[in-house]
Every structure is written in structure tokens, then in C-alpha cells.
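4 protein chains.
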Amino acid sequence: MDPIKTVIVGATGVVGQQFVLALNDHPWFTISCLAASKRSSGKIYSEALKDDETGSLRWFCDEPPPESVLDIVVEDVDSLNFSDVDLVFSAVGSKVARPLEGMIAEKKPVISTARSYRYNKDVPILVPGVNFGHAKLIDVQRKTRGWKGFVVTQPNCTAIGLVYSLKPLLDCFGLERVLMTSLQAISGAGRSPGVIALDILENVIPYIPGEEEAVETETLKILGRYQFGTIAPAEFHVSSTCTRVNVRDGHTESVFVSTSKPCTVEEVTEVMRAFDGGLGDLDLPSAPKHLIVVHDDPYRPQPRLDRNVDGGMATVVGRIRNDPALSNGVKYVLLSHNTKMGAAKGAVLVAEYLVKEEYL
Amino acid sequence: MDPIKTVIVGATGVVGQQFVLALNDHPWFTISCLAASKRSSGKIYSEALKDDETGSLRWFCDEPPPESVLDIVVEDVDSLNFSDVDLVFSAVGSKVARPLEGMIAEKKPVISTARSYRYNKDVPILVPGVNFGHAKLIDVQRKTRGWKGFVVTQPNCTAIGLVYSLKPLLDCFGLERVLMTSLQAISGAGRSPGVIALDILENVIPYIPGEEEAVETETLKILGRYQFGTIAPAEFHVSSTCTRVNVRDGHTESVFVSTSKPCTVEEVTEVMRAFDGGLGDLDLPSAPKHLIVVHDDPYRPQPRLDRNVDGGMATVVGRIRNDPALSNGVKYVLLSHNTKMGAAKGAVLVAEYLVKEEYL
Amino acid sequence: MDPIKTVIVGATGVVGQQFVLALNDHPWFTISCLAASKRSSGKIYSEALKDDETGSLRWFCDEPPPESVLDIVVEDVDSLNFSDVDLVFSAVGSKVARPLEGMIAEKKPVISTARSYRYNKDVPILVPGVNFGHAKLIDVQRKTRGWKGFVVTQPNCTAIGLVYSLKPLLDCFGLERVLMTSLQAISGAGRSPGVIALDILENVIPYIPGEEEAVETETLKILGRYQFGTIAPAEFHVSSTCTRVNVRDGHTESVFVSTSKPCTVEEVTEVMRAFDGGLGDLDLPSAPKHLIVVHDDPYRPQPRLDRNVDGGMATVVGRIRNDPALSNGVKYVLLSHNTKMGAAKGAVLVAEYLVKEEYL
Amino acid sequence: MDPIKTVIVGATGVVGQQFVLALNDHPWFTISCLAASKRSSGKIYSEALKDDETGSLRWFCDEPPPESVLDIVVEDVDSLNFSDVDLVFSAVGSKVARPLEGMIAEKKPVISTARSYRYNKDVPILVPGVNFGHAKLIDVQRKTRGWKGFVVTQPNCTAIGLVYSLKPLLDCFGLERVLMTSLQAISGAGRSPGVIALDILENVIPYIPGEEEAVETETLKILGRYQFGTIAPAEFHVSSTCTRVNVRDGHTESVFVSTSKPCTVEEVTEVMRAFDGGLGDLDLPSAPKHLIVVHDDPYRPQPRLDRNVDGGMATVVGRIRNDPALSNGVKYVLLSHNTKMGAAKGAVLVAEYLVKEEYL
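Residue numbers (this note's numbering), protein chains in the order written: chain X, -3 to 356; chain H, -3 to 356; chain A, -3 to 356; chain F, -3 to 356.
Among these hints, one or two may not hold up.
No copy labels: a pair is met if it fits in one copy or bridges any two.
What the hints assert, rightly or not - Cut-off 27 Å, straight-line C-alpha distance, at most; resulting in silico cross-link-like pairs (DSSO-like, lysine-lysine):
(1) Lys352 - Lys91
(2) Lys39 - Lys117
(3) Lys139 - Lys39
(4) Lys1 - Lys139
(5) Lys1 - Lys91
(6) Lys39 - Lys285
(7) Lys46 - Lys91
(8) Lys139 - Lys103
(9) Lys352 - Lys139
(10) Lys285 - Lys91
(11) Lys285 - Lys46
(12) Lys91 - Lys117
(13) Lys104 - Lys285
(14) Lys352 - Lys103
(15) Lys257 - Lys91
(16) Lys34 - Lys117
(17) Lys103 - Lys285
(18) Lys91 - Lys139
(19) Lys34 - Lys352
(20) Lys117 - Lys285
Hints are computed from structural coordinates only; laboratory data are not their basis.
Start from the sequences, fold in the hints, and give me the full structure.
What follows is the structure, given as C-alpha cells:
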């Protein structure tokens, strides 16, 4: 097939940079344009990344920037002509995202990592292998909003690992209640300025504004059911306490679950290991070999050892035990890479699915 | 009154050093002897602390060692004559503790930070202000074991903060179930070698051997009831997941609680703030002004900011919220200083109580 | 004597907070006013410290804020009446400092931690015990600028420890060249936003803009000689490389020195230990017992163990060795507390000296 | 050519694991045997790596262990038959290395990361591209010791980066004196137990036993000249202060140099960038594209950003400036990956050279 032409809007920011890497050498997608705010437009990408004062390169990913994008001239997002574009990846902040993504969606498909549209009734939060059925909302959007394009969103980076671990439990045993404590990485807060070193060095911060509400709401929406043109949220109870720890990448979550039907540690392990959410048949380039990797070693998962399993696209689970304090109780620890599956690479996987299903 | 003569056994180790500080300039207690293994005996304390190879001082507390103890000659614990001693603080490891503390207890009172005797039916785990009634087990010990002395133990350093926060809830609203995730400091693992830097730098370790069982068992024993010469454990359910984070001192715990009777955030805040467990009347020198300090600021407690409140003797609580996923649900975050209230200073406070109650 | 009435301008910032602590319960000085920008003025201090959004207290020191200042109403620095004030401590940033401090100095004495006036010919950088003779520039200022007050400055927090360690060497052996590599703490960069956690976690940053020039220039000025109404810089060579490491407080410096006359390790140790710069006779309340503490233990100084020696007012030196690569070579490692002696507490010590010498 | 059969002795330790990775899929070498102490022998490699108590995999590299080695049965190093082996990589500790490597060298070539033989007159410390001429000592060894094999050593991991940066300066401008301060990563101390987390968290340790002597001696030997069957050390002066910082991998070094002939920053930059030490013509599989990478960005090199440049095989230099305090002074900061070029991967590159030069 012809390469699908994509634009990254917000290309100079942290998430934009991750999109650049995720799309580099992609078998299906090509970066046909990098767009950013006026401050950067007109410069080539390598110049736009430079700090004005020191000339230092403001590139924040572990892998270096691909040679092929360094000389692309960054365009002004506000005056961009989207006519020759097939798909837009949006990596802008939430405030900008609301008007911008709506405007683009009138004509073109948008996949967004921002939270602006996540809670709209006709906008899906798509998690590959978990709720692709929610893509039907795209038709609803088009009908009710008159859009030719659409907006599809990525979940909060703390919700996504939780949702992956819960999906096979929900399918096999049913869920009654979920209590989760997160130990989140600092990269989740971005860099403007994100977490200040003096605040987190040798410390834990027990509060991340808005995070718990996001996790609770999005988990139920993602695991909910499409019906009558919207999503009926899942009906179990979710409660979370979200904290920040001094880890670079990889959110750790301690989860206590009460299932509807009894289940053993072996059964939980088995259904998690077997879970592939139908992805196995789709042959998507960015899909991990296993959506969930389960460790028997009680010292795992650890962020530093496990975050890059399967390119940061797997949810890694360990310490599965029965929980004596809940009815049909199960507890475990999970790890999910917040800037890989939880951001740009996850969004690209969603795009791949939408191609397969001919939404693109 | 005459000063009470104490011995610190295991005086050169980390906990022993904390005892040295906790007893320095104490209004009631005096250090009459420092005891350690043969390797150290015969040397003065400052020499016994020195690394053989480099001559570097192996002193691990933030405060420097008091001048007054530097020249005390360390005695061999195995050949020590306890006849002129009123009280023994035991800071030895669990393996050594079992035979040693039993031997000493035949003649003298022992307060121990080791876990060897914690789970014996006739040995109390005393938490000041929470369960001093359990001191009655001392009489049981003496009767059934024929000891003139006794053994009293300190709880696991992760259990103690949890127990403080739960006690007023249990008293006022009753408890049904408790689900706790800990984010524990590296000092809790000691120094032989304790946590290896390569393992914890920029990481979380999701498992601490034996810790969860200790927390669950001890919480129920401490909050249990003395009856018929033993302790009937409390009857609610406790479940925990214990993790290690890269924090020096101060264990953070994320707690989800289901109470028997409904309670509001305001009520929980109020009963925690009001809780003094009868300590107010006793006028014990090491008692904190408040056993529980409650923050309204959602960013608290933080280990670095709050661990030293009231000399590390207070349990600091924040983020009290109702929990939507449990019946009569309450959730909060607590912080407790694992090497202050959770170790030697806590043991000294227990000793002060036993003096007041004339067990000493 | 009557208490000396001081104002802290920039009272809500990090350095201002340190001044509040340094002046709390001071035997000679009293805080008669806290001043800050319009954003804070009119509020009581405890309110001015609160984050607008979360209500969280933006207090950044280890010790809690003193009760006595919490209710002081913060005044607008631009409309402040200095008539009833004896002395102004300036903790504002450099841009604001230039016009503000000049304006205040027309009437009142100013001791500043900013760098605005440091390099003016008639402004001394005063280091207690090192160059109090430079205070004569105060008379020069008054004469040439027509000021009734004056401006006296604190050195850069990296220069101050170096200068203390060099002074006895300069006096006893002469100095030819000094090569220094610093490993600086993150608190030196302040909090707006200071060092970003993602940049320093598990990392070293090999560059701090402007720092090396400041260290080199200030070292020579401070160790220079007052003559003909100005300071003739010292005549040895200084070179530095300044790096940032993941330490909260305390700048470590690795120093290589070539002295004019040969000296042994024992002699260097002795002259450093004996150095008191005449402070011993002055009896200043904030002076450390020893300006320089020398360790024989090769593992010292360490920031976490040694930064608070003598209240953070001592320069701690270790690893004194002869250097085979320089003529009359000596090398050592030093540690200096960048937010104590290197900031507000150092400035208060300067003020105490100026009182003794009747400049105040 | 036929694959060259290698043995890794000490295969279960940290360095041994790095050898396993460095030799995996190597175009010339094949792992024909993994050897370790009796404790591990007889077990398959994946079992030998397991912690006895917890079953946790003791694998310490970032990349996972290659599938192909997991089932190899580990042999007892003491009873190993080396007859069918072409080359032995030794990753054992220094105490074991002395007798073991000598015994093996009677028959077979040994490349060792241990320091046991480094300072022997007839044993070269080989640094690829810097001093391959020293390989002539192999003939000397064979003659004087009667060995059929030989011992060749890797330098200390702190010396290697320094040596790379100095070699082009020595060749082009001559060297008079070198003063270096290192900020070394914790992985340099290994894991038995290596650096204890409590010692390095939020801290700097200013002393590493034996390190400074090693750096100074080895630098002069490596940069020395082969003559009359031994190495005449280079004749400039070297002085170092070695410190430990809280970085996982990558040693940072701040270097001050006095050259014999004057040189500009541009010249230094140019000769470093141009330096390839003849490696370009040899086409060795593990050689980096550039031995030295020079940054203009003053914020580089940083361990986290630069340690993996060219697979951890390049020395990364930045902040090149003239030094005002030394005659013909130059100063710069360098970074070298202590467990890649500074250990197993560097040793494999040496082996590749020895193959090309037909020593193997």
C-alpha cells in the first residue's frame, strides 16, 4: 500500500519527540510534516529543538533523533494546510488541544494523547486489544458533529497498565472492586518544568493533581460497553491513590482486586499470560509479542529492569497472590511504560488498528 | 529517683547506635554498659566502630556520636554480668536474639527490637498509647517461664505507623478490612549490606521478604485484646503489599480502610488528631506532643519533610478521603520514621511507660 | 544593647526563608519587617507562602518556619519606608537587586546575597575571618556615591568554601595556581524551577552557566588586598570546572594547589586546623567553633555526613595529600554548605562583624 | 575463517555476564564454554544465575541474557580442560586471577579484566588504537616464562577514558602534567556488595581505595613506549582524585592538562575528532565509529545521555577550554562507559585486534 502521510502537531515537545521516534522507519506511516507553535515554525527541526540561550539540544528521549527528520522545516500549526495529510498525531497540551483538535477533525482523523476530548460521550479512549469495539464512536462523531475526520484519544498513562491487567480478569471472573496505589515515574509530569529535583530527591510525593479522578473515570469508560451510540461505563468500583517516586520511566502499581467469581493464583496467571485481545490475528507492526508478561520471580516487576520489555509495549505483572482481606481477593503489582505504551507508541498502535479496520 | 542503669547489647550496629543516641542525656536512664560480639569487646567504643582496613568511623546516624560514650570499653555480650543492671535494650539480629534474650530475661527485663519473641503467645508487642494493657503478659511470662526479668518487643517498623493510624478508627468506627501498600525506606534493610545501590537507584523493588506477613500478623496482635493470659488478635482483615523505594528514612503507606460504621473525612481527621492513647497524662520524656499529626495539604506527608516531626516519634497522616470502592471506605497516606519511633526511640518510650507502671 | 532592626527583602523566596531562620531568636537582630513583591504584599507571611492553586505551603527549609513570623504582614518592597530600619538583608534575584539595593543603600546598610554589586570596585565581597579589612570599601562607597547606607555582598556559594581553604595556605606558603572541580548540590540552583528532576536523576551535568567565571573572579578579589580605595586582586592563577551532581545540599570541591613554598601534608593540616581568621576574639553569635574542620578519615568529607557540621558554617576538608604533578603540589577535597555559610547564615555572620566594628 | 572458540571464566559474575553479551552473535568468536567456581558448576547457566533462597535471576545487565547460553552447563574452572579452546576471557576477581590466569597462560591466551598482572613488566595493558605496539610483550612473556599462551590485560575503567583523551594530545602537542578529578559510577564497584545504597543516596564519596594509584600508574604505562622487552612509562606527571557519585554507569572525569606546545581549543577539538589510532583500517567488529566524540554543547557529556554512544565504546568529550592556570593549559570533561569499553566489550575489541595481528 502507499505510505500513509501523517503530521505530528506539537512535534518539538516531549511527546512529539516520542512520536518522531515511534514513526521513524515505520512500515506503514510516513512523517510528511512536523508542526509546532509560532516560536518554532520556519526553523528546521534540529534548530527548533535548540535552547535559545545555550544552543543546547532540547531532545529528551533515550534514542537520538533520527537523521531523516533533522532538516524538516517545522510548520506553524495555526496556518497548516491539512489537505494532503491522511492522519494527525496530536501531542499538544490539553488547553491547546481542545480547539485545535476539533478544528482539524472537521477534515482529518486525529489521534491525541491529550485529555481534552477523553471524557466526551462520542469520543473513544482506545486501548489496543481491550476495547477496539469503541471505535464505533467514530461513526457517531461524524454523524452528530458533521466531521469528515474524527478524534480518538489515548488514556492517561497510569490508567493504561491498570486496564490491561484488569481486562482478562473482567472477562474471566468479573470485577467487583479495584483498589490501586501507583508509584509513578517523573517523566509522567513532563518537562515544563515537570518535577523539580529538590522536591523528589530522596522523597515520595503523595499527590498528583487530577490523576486519581482520571484513572478512576477512564478505567470504567475503557472497560465499558458500546451501546446506543455511547459507552456505558463498566460497573465495578475503582479507587486509587497516586504517588510520585524518584524513578525516570515506568509506572508501578500495587493493585488489590475483588472479583465476582473465585479465582486461584494459577488461574489469574494463566488468563493474564493468555490474554492477547485479538491482536494476535491483526499483525500490527507496533504490537508487543505479549500484551501482559507475568513474572514468577517475586522481585519483579521493577521499573528499571522491566519497563523496556517488548519495546515498552507490554504490561509486566508480578507478585500475584490471593488477598485475604477482600472477597474473592487477588493482589498483584504491575509495571507499564508511561512514555511508550502510555503515550506515542501506544497511539501509533491505535493508528495501526484503525488502518486495519479501514477507518483510515 | 536514682538513674535506671541500662545495657545496650548489639551496641555497635545500626540500631545499637540509635539506642546510644536515644539514651544520651536521658532524664531517667543511664548507659551503664555497651555490649557487643567478641570482635568488638575489649575496645573502647570509638575504636570498636572503626573499620579495620581504613580506620573510617562506621557511625550511621545523622547526629554525631555523643562524646560521653566514645571511651566506654565495649564488653563481650556472652560473658556479661548483668547483676548490676536494671534494664537491657537488645539491638541484636534475630538469630542471636532468640537464645540471648531468653538467657538475659531469666534475670533482667529486656526490651527488644528483634522479631524473635514477637510471635510468642506470652510476649507482648508494645506500642505506646495503643496497647499498654498487653504489658500484663509480663506477669504471664514470669509465671510460666519462671523468669525474674521479661521480654517485651517492638513491632516491625512498617506495622507501627499503620497501627497508630488504625487505633482511633478501630475505637471510634470499628474496622472491617485494611489494604495497605508500603513505600519503604532503604534504612529499614539495615547495612549488612542492606539495599545495594545498583538495585534501588532509579527503581522500585516490589518485594521485601517476610515483611507482609509481619505487618499483617503484628497489626492484628497489637490491636488485639488481652484475655486469659494471652492476646486475642483483632478480628478485621489486613492485606499488604510492601515495596522498597529510594528514600533514606521514613516509610510511606497508602491505606484503604473499610470501617464498621460510616464516618466522614472530618470525623476521621478529628479522631486522629485527638488521639493520645492516654499518653498525655503519663508525662513520658520521649513521647511526642501528638501521636498523630494530620495534614490538610494534599502534598503531605512526604518522607523528607515530615519524618522528623516531633523527633521522628509522630505518625504523620494526609490525604484523608472517602473511598468509593469499599463499604464505609476511607483512604489516606501515612508516614512513620522507621528508625525513630519504629526502632530505638520507640523502645525507649516503651521503657519509660514500664517505669511509670512500675514494671521496672 | 537595643535590638538591631532588620528587614528581609525577598522574604518569601528560598534565600529569604533561610534569612528568616537565621534571624529567628538572634541575640542581636530582630526582624522588624518582611518585604516581597506586590504579589505577596498585604498577606500575612504564612498566607504569602501558600501556593495559590493547592494551598500547599511553599516552605523549602529543613527546619519549619518559626511561629513568630507566620502572622507578620508582608510589605511591598517598592513602597517600603526604611526610616525605622537599621539594616536590610537582601535575598532578591540579581535583576531586581541592582536598582533596588542601590536605592536602599542611599539611606540604609544592605547585605546582599545577589551578585549584582559583587564586581563593583567599591563594593566588598566579605568573607568572615578572611577579608574583613575589605570593609573599608564602605567608606569609599559613601564618599564617592554619597550614600548614607552601603552595599556589602556575599560571595558565590561555590567560591566561599574554596576561599576558606585557600586563605591559610596563602598566608603560610603563598599560592601559585589553583585548579578546582566542583560537584555542586541542586539547591544551589534555587527553585524557579532550579534543576529539573529528569535532568539530574542518575546523572551529572558538567556545566553551570556563569559559575566558573564567578568562582575565579571572586576568589581573587576576596583574597586580594585593599589599597588606594579599591581591591587589588590576589595574583595567583585559578581555574575551575563546575558540575552539578544529585545531592541536595553541600558543594564538594576537588582542589589541586601549587604553593609558593614547599609544604607537607602535616603542615597543611595544621595551618588549616589552626585557622580562625581573628574570629575567635570577636565572639560573634553565628561564628562556627572552627572555620575549617579537617578529617583524617579518607572517606570524608561527604555532603550528607558533613554539611551540617557547626550548623553548616564550617568548611570541612579531607584527603589532604601532596600532589606529584604540580610544583609544591597539594591536593584535597572540601565541602561547604551552600545554603548556610554560602548564603543567609553567612550574611548574618557578616552583619555581626559589621556591628562589632561599628559599621552598624 | 573458523569461529574462534572462547571460554569465559567467572561467567556468572557481573563482568562475566557482560562478556556473555559482548560475545553473543559475535562474527568471529563463539562461546564454547562457561566456567565458574564449584558453587555454580554442573548447573545450566540459567540455574547458576538464580539466587538460592528466592529463585530470583541474578542477571545485572540492561539487555536480557541471550537464549542461546541459558542451557549451557557451567563447568568448574579448576578442573577445566582447555585443550579445545582458542582464547580465554577472564572475568574473575584479582585474588583468584593471579594463580588461575598464570596457569591457563601456560597453554592458552588469556585476556583479563582483573588487575593481577597489569603491573608486571612483561604484561601489556592494551588499549585499542592507543598502544597496540605493546602487544610485543607477548613474545617476551613466552620467551621468559615459557608460556605457550599469554596474558594480556584491560586497564582500570577510570584510566581508559583518560588515556583515550590524552593520546591525541600527547601525539600532537606533548604532555607535561595532567590533573584529573573523577565522578565515578556505582557499577564500577561491582555487586559484592559494591556500593551500599545508604552510603551514596544524595551523597558523594570522595575516596575509592587504590583507584588513584591505578589511574596514575596505568596511564603512564599505557602511554609509554615499548623498548628492550619492556615498557618505559610516559614521562609527564599525572595526579588524580577519584570520587563516587550516584550514577549507574559512566565515569565522568574533569581533566586539566598542561601540554608541551601551545594549542588552541580548535586544535584540541580537531585532533580529538580526527583520532582513530589506526583502527579505521583494521575493520574490527567491536570498534566504535569514532574513538572520541567531541561535543560543542557545553551541557555535554552527561552520563545518562552519552554513555551509550557507539555502543558504549566511544570516549565522549566536551567543554574543551583553555586553562588560565597552567602553562599551555587545556581543560575538558570526558565520559567513558565503565562496563562497556572499560570492561568486557573493550576486552573483546582487544581480542579482535590480536586476531588481526595473528597473535591468535
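List in ascending order the numbers of the hints, as given earlier, that are violated by the structure. 1, 2, 3, 6, 10, 13, 15, 16, 17, 19 and 20
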